[in-house]
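Using the sequences and the hints, build the whole thing.
So the sequence lines, in the order shown, correspond to chains V and A. Following this note's numbering from start to finish, the first sequence increments by one per residue and tops out at 532. Following this note's numbering from start to finish, the second sequence increments by one per residue and tops out at 143.
Calculated from the structure, these hints are not laboratory results. Hints may contain errors.
[To be verified] Partner residues are not named here, just some residues of chain V that face chain A (Cβ under 7 Å, in silico):
no.	residue
1	Leu186
2	Arg245
3	Arg321
4	Gln322
[As the list claims (entries may be wrong)] On the chain V side, residues computed to face chain A include the following (Cβ under 8 Å):
no.	residue
5	Gly126
6	Phe149
7	Asp150
8	Lys241
9	Ser255
10	Gly256
11	Gly294
12	His297
13	Gln298
14	Val304
15	Lys305
16	Glu308
17	Asp320
18	Ala324
19	Ser462
20	Arg463
Computed from a predicted structure; not experimentally measured. The C-beta atom is built at its ideal place from N, Cα and C for all residues, glycine as well.
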Amino acid sequence: MVAADKLKKISEDVWEIPTDYKPGMNVPGHIFLSDRLIEGLESGAIDQTANVATLPGIQRYSMAMPDVHIGYGFPIGGVAAFDTETGVISPGGVGFDINCGVRLLRSELMADDVKPHKVDLINALYEAVPSGLGSESKFRVNDAQLAEVFRTGARWAVENGYGVKADLEHCEENGEMKGADPAKVSKKARDRGRPQLGTLGSGNHFLEIQKVEKIYDEAVAKAFGLKEGQVTVMIHCGSRGAGHQICTDYVKTMEQASRKYGIKLYDRQLACAPLSSPEAKDYFAAMAAGANYAWANRQIISHWVREAFSKYYKRDVRMDLVYDVAHNVAKFEEHEVDGVKKALCVHRKGATRAFAPGRSEVPVAYRDVGQPVIIPGSMGSASYVLAGTQRGMELTFGSTCHGAGRVMSRSAALKDIRGNEVKRQLLERGIVVKAPKDAAIAEEAPEVYKEIDEVIAVVDGLGISKKVARLVPIAVAKG
Amino acid sequence: MDFQYLEHTADAEFIAYGHTVDEAFVNAARAMAGLVIDPAKVKPEVEKSVELSGDALDTLLYDWLSELLYIFEVDHIVYSRFQVHVTPHEGGYTLEARVWGESVSRHPDISMHIKAVTFHDLRFEKKDNIYEAQVLLDI
Numbered sequence: 054m055v056a057a058d059k060l061k062k063i064s065e066d067v068w069e070i071p072t073d074y075k076p077g078m079n080v081p082g083h084i085f086l087s088d089r090l091i092e093g094l095e096s097g098a099i100d101q102t103a104n105v106a107t108l109p110g111i112q113r114y115s116m117a118m119p120d121v122h123i124g125y126g127f128p129i130g131g132v133a134a135f136d137t138e139t140g141v142i143s144p145g146g147v148g149f150d151i152n153c154g155v156r157l158l159r160s161e162l163m164a165d166d167v168k169p170h171k172v173d174l175i176n177a178l179y180e181a182v183p184s185g186l187g188s189e190s191k192f193r194v195n196d197a198q199l200a201e202v203f204r205t206g207a208r209w210a211v212e213n214g215y216g217v218k219a220d221l222e223h224c225e226e227n228g229e230m231k232g233a234d235p236a237k238v239s240k241k242a243r244d245r246g247r248p249q250l251g252t253l254g255s256g257n258h259f260l261e262i263q264k265v266e267k268i269y270d271e272a273v274a275k276a277f278g279l280k281e282g283q284v285t286v287m288i289h290c291g292s293r294g295a296g297h298q299i300c301t302d303y304v305k306t307m308e309q310a311s312r313k314y315g316i317k318l319y320d321r322q323l324a325c326a327p328l329s330s331p332e333a334k335d336y337f338a339a340m341a342a343g344a345n346y347a348w349a350n351r352q353i354i355s356h357w358v359r360e361a362f363s364k365y366y367k368r369d370v371r372m373d374l375v376y377d378v379a380h381n382v383a384k385f386e387e388h389e390v391d392g393v394k395k396a397l398c399v400h401r402k403g404a405t406r407a408f409a410p411g412r413s414e415v416p417v418a419y420r421d422v423g424q425p426v427i428i429p430g431s432m433g434s435a436s437y438v439l440a441g442t443q444r445g446m447e448l449t450f451g452s453t454c455h456g457a458g459r460v461m462s463r464s465a466a467l468k469d470i471r472g473n474e475v476k477r478q479l480l481e482r483g484i485v486v487k488a489p490k491d492a493a494i495a496e497e498a499p500e501v502y503k504e505i506d507e508v509i510a511v512v513d514g515l516g517i518s519k520k521v522a523r524l525v526p527i528a529v530a531k532g
Numbered sequence: 005m006d007f008q009y010l011e012h013t014a015d016a017e018f019i020a021y022g023h024t025v026d027e028a029f030v031n032a033a034r035a036m037a038g039l040v041i042d043p044a045k046v047k048p049e050v051e052k053s054v055e056l057s058g059d060a061l062d063t064l065l066y067d068w069l070s071e072l073l074y075i076f077e078v079d080h081i082v083y084s085r086f087q088v089h090v091t092p093h094e095g096g097y098t099l100e101a102r103v104w105g106e107s108v109s110r111h112p113d114i115s116m117h118i119k120a121v122t123f124h125d126l127r128f129e130k131k132d133n134i135y136e137a138q139v140l141l142d143i
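Shown next, in the form of structure tokens:
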């Protein structure tokens, strides 16, 4: 337990990085892991959590969720909240894939309706949604349309026939983050974004047909419209090249801004600017545009998923959106710090917002039970739906993990794992996988991730979100 | 040695070397391209010019590699041959480069998607008369 030796266990599943761990830490670090998961924690992830604690205006703790693993700047699974007057915003605290996120569609179909057709259905989805490296969209947006996508996100998609109004009510931020300004998005980001709208991308992005295997909380599941045996479709993707380029552009801007404002950086990827500065305002406007691009992207893909199901069954198959959550984003939110309500800029990098019942940001339909929290597993492992809690508001600024968390690098996976073998093993378990190439399966094989059940047990045990439903894969289309 | 890849648990990292700044920039581009495809398989059929300027060599390196990712994604060309000329001037540097490659569509074996160049561990420095360019890529 080399890495854990540097930490102090302060309560069950909560490990503290004390402020004397490294010079410059303004607050301690808090890492949420079970005794078993801490064994796999990399020292680099501890260092990165500590580095975040050195940033100006950080509130209470620099945090890492139970899916934590090494990134750069913030760790993946990193959460930090900054005072709006004394704090900063950092593109490295949001990440390159702005608003990479996940959404869940619940269908009217039951697993027995779908299982005999799973090969045809996943082929249909694979045909309907362009995926893989360099995939281009089936339609073209011009510059004016792209600007509207950046400005209004999922609303643009719905107003142009890709979805229904109810979809917007069930998206974080209603799928339209305010404050987006397309003028703050570079030509390069627009060039990368224009041909990729409506594409899944590659890496860990996927479409998955699932079955609701188990319900843990009947009342909340009912509010979310979920029941055992029901078929769901999960969509995981982000802002594609548009987001990557926005982050690339602004990390460089912030590098200069950090020098200008005299901010000492322990990792240059943490480059940032005071929230009141013009550089911060420009980045937020561009980041919000990237977030909106991602919501539009998931909305368009949802429409094609619905079309593919309806076309296959030769009738209108109802598929309502349960919810859509963002992973890589910075948001202005009100939280209580030491008994005082404060406006904060909360960075979640590879983390999910998980707001408690009663919060105005939670859709009216779910306000009594809490925000749906969607945690995807890997191919072959379960995914979970949880609900936000008051405990989460107190402990993590209303945040929870975003997945299982990697334990093996992509390059190591490509070296050690054969994609066609993974495909065969999954097929033996009844799970069909479709991918552009076997390498894409190898680098996302179940063994490159932590055990999702253990990660969720920590989240549920700490009470930062409560388990509602467990979903298991039937068929997967990989990016 | 032109470049070497470093062990990294999550992403891809390398150090590229050069007797000159130009050579180190070329080798950094070759190291990045080598993660995507075997450059020996790529015919230098398509040519592209790149012009950049920056106030420091490390940020110019960040811009150079970011530019290559951008043209890879927008032009759908895999690049395998590079010619770079970096000129110092008052307050910074100018980079003029030519790159050659061919259409991605002829290389269905490409599997790795490089999302971005990062500032984490980024350095460009001269050690014992050899320039070293260290870069971590988000993959």
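Each hint, compared with the structure:
1. Leu186: Leu186(V) check passes; min Cβ-Cβ to chain A is 5 Å, inside 7 Å.
2. Arg245: holds (6 Å)
3. Arg321: The hint holds - Arg321(V) has a Cβ within 7 Å of chain A, the shortest such distance being about 4 Å.
4. Gln322: Status holds, d = 4 Å.
5. Gly126: holds (7 Å)
6. Phe149: Where the cut-off is 8 Å and the nearest Cβ of chain A is about 5 Å from Phe149(V), the hint holds.
7. Asp150: holds (7 Å)
8. Lys241: holds (5 Å)
9. Ser255: Interface hint status for Ser255(V): holds (5 Å vs cutoff 8 Å).
10. Gly256: holds (6 Å)
11. Gly294: holds (5 Å)
12. His297: holds (5 Å)
13. Gln298: holds (7 Å)
14. Val304: holds (6 Å)
15. Lys305: This hint holds: Lys305(V) lies near chain A, its Cβ roughly 7 Å from the closest one there, short of 8 Å.
16. Glu308: holds (6 Å)
17. Asp320: holds (6 Å)
18. Ala324: holds (6 Å)
19. Ser462: holds (5 Å)
20. Arg463: holds (6 Å)
No hint from the list above goes unmet by this structure.
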